[in-house]
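> Here is what each chain is made of, one letter per residue.
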Amino acid sequence: MRIAVNIERCTGCGQCIDSCPFTAIVMQEGKAFINEYCQFCRACMSICPEGAIIEIMEEGDIQKADISDYKGVWVFAEQRDGMVASVAYELLGAGRRLADKLKAELSAVLFGSTEDQAKELIRWGADKVYHCKDSIFEKFNDEPYSQLLTNLVKTHKPEIVLAGATPIGRSFIPRVAARVRTGLTADCTALEIDGDSGNLLQIRPAFGGNIMATILCPNHRPQMATVRPRVMKRGEYNADRNGEIIPVSADNITSRTKVLETIKEVSECMVNLQEADVIVAGGRGLGKPDGFKMLEELAEVLNGAVGASRAAVDEGWIPYSHQVGQTGKTVCPKIYIACGISGAVQHLVGMQSSDIIIAINKNPEAPIFNVATYGIVGDVYEVVPLLIKKFKEAKQ
Amino acid sequence: MNIIICIKQVPDTAEVRINPETNTLIREGVPSIINPYDLHAIEAALKIKEKTGARVTVITMGPPQAEDALREAISMGADDVRLISDRAFAGADTWATSYALYKAIEKLGYDIILCGKQAIDGDTAQVGPEVAEFLNIPHIAYIRKIEDVSDKSIKVQRLMDEGYDVVESPLPVLLTVVKELNTPRLPSLKGKMAAKKAVITRMDLNAIGAEAENVGLKGSPTQVKNIFAPQSKADRKMFQGSVEEQVDALVGELRGVKCV
Ligand SMILES: Cc1cc2nc3c(=O)[nH]c(=O)nc-3n(C[C@H](O)[C@H](O)[C@H](O)COP(=O)(O)OP(=O)(O)OC[C@H]3O[C@@H](n4cnc5c(N)ncnc54)[C@H](O)[C@@H]3O)c2cc1C
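Those protein sequence lines, which keep their order, are chains F and W. Residue numbering for the first sequence follows my numbering, beginning at 132 and increasing consecutively. Residue numbering for the second sequence follows my numbering, beginning at -1 and increasing consecutively.
The set of hints was computed from the structure by calculation and includes no laboratory data. Keep in mind that a hint or two might mislead.
[What the hints assert, rightly or not] Covered stretches of chain W, going by a simulated chain F footprint (3 or more residues, C-beta under 8 Å): (1) 34 to 43; (2) 70 to 81; (3) 101 to 109; (4) 150 to 159; (5) 165 to 174; (6) 180 to 189.
Everything numeric in this text was worked out from a predicted model, so none of it was measured. Yeah, the Cβ is synthetic: ideal placement off N, Cα and C, and Gly gets one too.
Could you put together the complete structure from these sequences and hints?
Spelled out as C-alpha cells, the structure:
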C-alpha cells in the first residue's frame, strides 16, 4: 500500500504539508509529493480539501496468516514478590468484557506465585489459569518469561493477549510478539471489539500524549497489547466462582540474565498518589510554594494525597515524587482536584481517566476545563479555603 | 569490543498538536531531532569507549534525511555510522523496524547494543526488546546506571515500579536506557568538523540481507487505523455565580460521592 497524491486534483495549497507529523510531504513543481518519511498515519488524507490524497493498494499487501484457529482472551497476570499486581485484576475486568463479546473463554497466565493467587484470578473473572510455579519466575528476568509465554501462545493459540504496560510487561512482551511474529500495541488506554470484523480496536496515546491512535492487527494472531495500569475497571469479585487451574512446567526454560539484588525505593507519597481516592494537585497557577500548604490542608480534610504538575515541580515548589503526567505518575483516583493547573496534554495523560475531575482556574479558557467534570472559574486562593471550610462543615 | 547504538530521528513532539475539528496534526515548523533517550544511549557508549577502547557505531533506519541525525552522532564522538534506508522500509511498525535493525546489526558485529527507552513519537518502547529477541541475546530494559562492564559481562541497575534491580548479564547484551543514566555531552568542535566531512554509508534491503515481505509496511502486523485528538468530557458542568455559590454547588454535587 502507498499513500499518494493525485496530481490532477492537487492544487498545491500546502495544507497537507503542515498536517504531516513526519515531514513526509514536500512541494515539487507546485504539487504535493509524499516521500519515504510516510508512516501511513493518513493525517493528510482527511485534511486535503480536494480529496487528492489517496491510498493505493499494491500486490502482496494482504498476507493473511491462518487466523481462524485462534480462540480466547488471555491476560498475563504479573506478580511481584509472589502477589498478583493490581493491574492484572484490571485486565481481567477488561478481558472479561472482550471475551463475553466474542463468546470466548477468558484465561489468565501466572508465572511464579502460589495456588492461592491463581484462585484469586478465577474469583476476579478468569475461566482458566495457566500456572507455572517454578522458582525461576520468583525474580523477573525477561528470557524465562518470554520463553514460556511464547510456548504457551504457540500451543494454545489465543486470539487476544493482554498484559500490563508496566516495566515488566513492556520489557518482555515485545520479545513474545517478535517470536510469534505478531503485532503488539503499546500502552493502550481503551480496547473494543470491532462489530463487523471482530478485530480488536486498540486505542493508545502517542506523540507524548498529544494524539490518540487506533491500532489494528488484522492479519496476525494473537492480537497483543500492553495496557496502561489504573485505566481499566476491575470486574465483579465472586468468592464462589469456579475455574480450572492448569499446571505448566518450566522444562528447558533458562535465563542468561541474573537479578543480584532488588532495592525498594518507594516514598510514602508515591504509594499515596497511586492508592488515594482523592488527589488535590497544584500547578503554576498557585504562584508560590506556600500554595501547596493550602492544598495539603484540603487533601487532609478529604483524606487524599497531593499531586503536582510538572510546572510546579520545575519551579521547585514540591518534590518530583508528587508529579503527575507524562514524565511523572499516571493516577486514576475517584476525585482529582486540579488547582491552578492549565492542563497541558502532558499533564492530562497522567490524570484524565480519574472518575471525577474538578478544575479550579482563573482562566476560563484553560484546557483543563475540557477534561473537567466540574469547573470553577476563580482564584485558587479564594476557592480552596472556602472548599476546606465547606467540606469540614459537610463532614460534621 | 563493538558497541552499536540504535537511534531514531523524531519530530520534537512537545510541539506537535492536533486540530480537534479536523483530527489532523498541526506541525508547522516542528523540528526533527535525535530521539532524546537515544542521546543518553550514545553518551553511555562513549563512556564505555573511554574505559575500554570500544568501537562505537551508531545506526538508524529511516529516510535519507535521517543522515542529519547520524552526523550529529559523529559530532558527539561516534566512530562510525550506518544509514539503513530503502523505500521498502517505509511504514514499518515495531516488528518490521526491529527485524530490519536485527538484519543490519548481524552484519556489523556487536558486543553491546544500546537503545533509548522509547521513541517520543511512536512511544512504544518495543524496538529494543524485539531486536534482542531476533538476535537471540538477552536484554535489560530501563537501565538507570551501569555499575560495571568487562569483556564478558555487564552489571546494571534496572528501574522497576517500586525501586530498582541490580541485574547481571553476559555479553552480548542489549540495553535500553532512561534519562537518569547520564548527561549527554555536547558536540566538540573537532567532532563537528568530522561530522561535516564524514561520508555516510547506506545499507539498503540487499545490503542487510532482509526479505521484502518482512520489512516496511508489508512486514508490519499492526496498522494505524486512525488518529484523533485526546477526548474532552462531554458532560462537564461549569458552575455559575460568585465563588461562594460555585463552591456550594460543587459541595452539593459531591454529596453523593462516597469518598468525600
Ligand atoms: C500514532 C502511532 C502509533 C503507533 N503505535 C504502534 C504500536 O502500538 N505498535 C507498533 O508495533 N508500532 C506502532 N507504531 C509504529 C512505530 O512508531 C514504528 O514502528 C517505529 O518505527 C518504532 O517504534 P517507536 O517509535 O515506538 O520506537 P520505540 O520502540 O519506542 O523505540 C525504542 C528505541 O528503539 C530504537 N529505535 C526505534 N526506531 C528506530 C529506528 N528507526 N532506527 C534505529 N533505532 C530505532 C531507538 O533506540 C529508540 O530509542 C505507531 C506509529 C504511530 C505513528
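> Hint by hint, which ones does the structure fall short of?
1, 2, 3, 6
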